[in-house]
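> Spelled out, the chains give:
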Amino acid sequence: MTPQSTFMIVAKIAAGQLEQLRTLLEAMNSEPGELDPHNRGFPFTRFDRLHVARFLILETLVAEQDVFSFPEVPPRLVFLGDCDGPSDTFIAEMAVLAGPQLRSVFSHCEPFPAEHESLVNWLQARNIKPSANYINWLGRTVTQIREEEALHQALSTQLERIVNDVGRDNPRAIRQQLLSFVEQEKAAARLSLTPSLSTPIGWWLKNLVHKLGVPLILLTLSPIFLLFSPYLIYRLRSLEKSDPEAVSRPPREHIQRLSQREDHDVTNPFSAYGEVKPQPFRRYAVRLFLWLLDYASIHVYNRGHLTRVQTIHFARWVMMDNNQRLLFASNYDGSLESYMDDFINKVAWGLNLVFSNGAGYPSTRWLIKAGAEREQKFKHFLRRRQLPTQVWYKAYPGKTAFDLARNSRIREGVEIRQDNDDEIRQWLAEIQV
Amino acid sequence: MHRPAAPEYGDIQALARFGHGGLKEARFLLLAIVDAVRACEWIRGASVNSAEWSESPPQTALQIAISAEGLRELGVCDDLIEQFSDEFIVGMSADSNRSRRLGDVADNAPDQWAWGGSADAVPHLLLMLYAKTDQLTTWSENVLDQCFGEAFKIIADLDTTDNDSIEPFGFTDGISQPDIDWGREQSTDLHQRDRFSNLLSLGELLLGYPNEYGQYTERPLIDPASDPQSLLLPTAEEQPHLRDLGRNGSYLVMRQLHQDVPAFWKFMDQQAQGDHEKREQLASSMVGRQRDGTPLVERVVQPIEGIKTSGKQAVLNQFNFDNDPHGQQCPVGSHIRRSNPRTGDFPPGVTGLLSRLVRIFGFGRKHPGDDLIASTRFHRLLRRGRAYGEQLSEEEALKPEVQQVERGLHFICLVANISRQFEFVQNAWSMGAKFGGIQNETDPLLGNRQPLSNGASTNHFSQPDADGPAHCTHGMPQFVTVQGGAYFFMPGIRALRYMASFSNARGRAES
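Protein sequence lines correspond, in order, to chains V and L. No gaps in the numbering here: position 1 of the first sequence is 1 in full-length UniProt numbering, and each next residue is one more. No gaps in the numbering here: position 169 of the second sequence is 169 in full-length UniProt numbering, and each next residue is one more.
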């Protein structure tokens, strides 16, 4: 298995360069929200390991005088993405294959990667790790996704032909014909199903240590938590009653600017950025929950769903500015309204755990109650914190996370043959005719 | 806890409670205000029907709804208008991003609409006139008096047809409606609604009452200290020091949907290669019901809240899709399943605390598509549309020489939150090419057949089969075209009077 990894390069935008940078980034789109695959700004399609990526200008668009308390920071440019294999080699690959383009984008930043300076080092030095990261399907590579999609397409055409010839009555016979078709196609090099590579041993070991270590640490620390819990509960309740909210309806121009870039593909990028509440309690709480979330994502939710939500491809939570601010960036299927509803109706408790530590969040009760369940206020809060994603790339447009999982199941049926007729029928039902 | 007071039926427009089914004739007038003072005068004098129950049902009815532009024309100040929802203020057609989400592109695009298609063409008022058979003409003459003539210009005069609840394609329509909890007896606790319920909180229909989240939807509230005239209005329930301009009112979504009946039946016939039974089967499968409304899935034994357990409603409506998760009886992509997936807050099988916990954490899924569709109760519409145009039977539709005429549905629905109810259903469910895990198809009836961003076509319809491979129909043409549309607000009766109180002495004095 080739595990995915993330990169996120953050650089301060040079004074007076913001508008020029915006123009440069916008030139990568054929229209706002729609990337031009042949754009000259950055050759996303050249990278076979790249799943999703985005350029994002990090700035506060809707100011919250009443709830923000930290000194402002100048706008920053963020370039983030998810790739197969380790990110340091990927960054190096980008520096080689798209050096001039990256230099041109980052030349609007300061300090600026000078000609004689190594671009790789410059990028690496600005690469920030997320506090929590979610991957829909651990180890599913771009190559695998593309091969499985091609397999499904080929089977689709073939199945239609077979059904027209022999009908639907004999699932085994249909499968047999499909499988021999796949063999033929593979032999003719029209289809390939590359076996997955062995898991890098270093990654495997680290993963194992993490898997066992985190529960161990939690277990060790639990008596301390227990001891302090009366105080923690008291503190939580008093904060919940006094924390200010920023949940009024966002300015219409802001919504307009955001929705202009939404719903061009079946998947959308989501970027939101805001301050963490200033109290130490909140700043520790958010880190604790992100740490747990990260653990759950790596070891529990790595097969197509994050709790009940099956529509997220990649998501990350990044603490910035010495834990004063949080950036949330995700790639989700459907419109924002359905994304927010899915979250509110299925995992309001999970949202509350993490985001209730964000300044302005609709007030919660006992950490997991209310909050996001106050639907309209929550949606306003989220929209207020949302940023337009200037440039967004996804290696498989038109495909949802559910589509990708189905393609994998179809491939599995080719490689591991089911014994029972019902299972064969289920497998055949997944192929689009 | 004391029981909340019964809603003030006398202040609610009748359409929110009754469909005026007994009044077979209806006419919808879209109006532009030419003289605001006269318009206000006319509105104040209009006898709008209230939702009060009467022993003798009315012979005629009049309902009024106003667009954001209309409010502005009437002289309602911007501060108040701004407190309505963004969707209402911006309108259905003015924002191309909204059009994209609603599927109003290509042949459905607002610039092709007969009315309401551009910001300066949005009607100010919608007048809905209903009457018993043969009484509409007299009723119209009565309503459209001299003052009316001076106040308004008619942008569109939309006739309707008494179709006996059969929509133009030939299927029984209007069967499934949410039941409204008028008595406000139902709990809004988020943790007591695991299974599908057809009973909706009053706040999903009317502003000023708690919605399904137990929250009050945003609406204009007025401090009577700054505006004594507002003392006319009801009190805001959760903020009694303020007056509530929204209370007892609903947003009203109107869309003119042209239905190409000949194209529909000709396509079915071509797919069925002339076989009558197959043609019928395919069409029913797309709708999700047979012609007479019989659903394609079996009736469930356990009663569903908000659906009567006896009579016609039980036969036609007491069902959900729990026993047909793969759509082998009623395709997942069928029209009725998309419009009302009948899902609860949890997928079927949650019985106790443990199974609930397992589900909360996302485990225990029984098949890959399990738990994909959101809770239905937050996305329901109360439909009040009427068909228009001459009815055409299937046989006539199949004749080669059949003429294309104007016919379809004046779709009307009432909601408290346009984006969470109407726009969500339209976008995520009807136009959603991946709805419930299906592959690249939109609503078989409503779909605009536009390709996805990767060029993949969506003009398909698949019927899953227990035998394995699905039956798939390809190359479907567009059967329904949007030809007009707008968002209105159908205010409570006192609010309507208040809205019409600006352009008189008061409005003049301020300016």
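Any given hint could be a false lead.
To be verified - Okay, the calculated bits of chain V under chain L, using three or more residues with CB under 8 Å as the criterion:
| hint | region |
| --- | --- |
| 1 | 99-112 |
| 2 | 167-178 |
| 3 | 239-246 |
| 4 | 254-267 |
| 5 | 330-342 |
| 6 | 361-375 |
| 7 | 424-431 |
To be verified - Here are some of the chain L residues that sit facing chain V, going by a computed Cβ distance under 10 Å:
| hint | residue |
| --- | --- |
| 8 | Thr60 |
| 9 | Val297 |
| 10 | Glu298 |
| 11 | Phe346 |
Calculated directly from the structure, the hints in this document are not laboratory data. The structure displayed is predicted, hence computed values, not measured ones. Every residue, glycine too, gets a C-beta built ideally from N, C-alpha and C.
> It remains to establish, for every hint, whether it holds in the given structure.
Evaluated hints:
Restraint check on the region 99-112 of chain V versus chain L: 0 residues with Cβ-Cβ distances below 8 Å, three needed, restraint violated. Given as covered by chain L, the region 167-178 of chain V passes the check, having 4 residues with a CB less than 8 Å from a CB of that chain where 3 are the minimum. With a cut-off of 8 Å between beta carbons, the region 239-246 of chain V has 0 residues touching chain L; three or more are needed, and the interface restraint is violated. Check on the region 254-267 of chain V: 9 of its residues sit with their Cβ under 8 Å from a Cβ of chain L, so the three-residue criterion for coverage holds.
For the region 330-342 of chain V, the stated coverage by chain L holds: 7 residues have a C-beta nearer than 8 Å to a C-beta of that chain, and at least 3 were required. Evaluation of the coverage hint for the region 361-375 of chain V: fulfilled, as 3 residues show C-beta separations to chain L shorter than 8 Å, against a requirement of three. With 7 residues having a Cβ less than 8 Å from any Cβ of chain L, the region 424-431 of chain V passes the three-residue criterion, so the hint holds. At about 38 Å, the closest approach between the beta carbon of Thr60(L) and any beta carbon in chain V exceeds 10 Å, and the interface hint on this residue is violated.
Hint status for Val297(L): violated, given a least beta-carbon distance of 18 Å to chain V, over 10 Å. This hint is violated: Glu298(L) has a C-beta 21 Å from the nearest C-beta of chain V, more than the 10 Å allowed. For the restraint placing Phe346(L) at the interface with chain V, the shortest Cβ-Cβ distance is roughly 9 Å, inside the 10 Å limit, so the hint holds.
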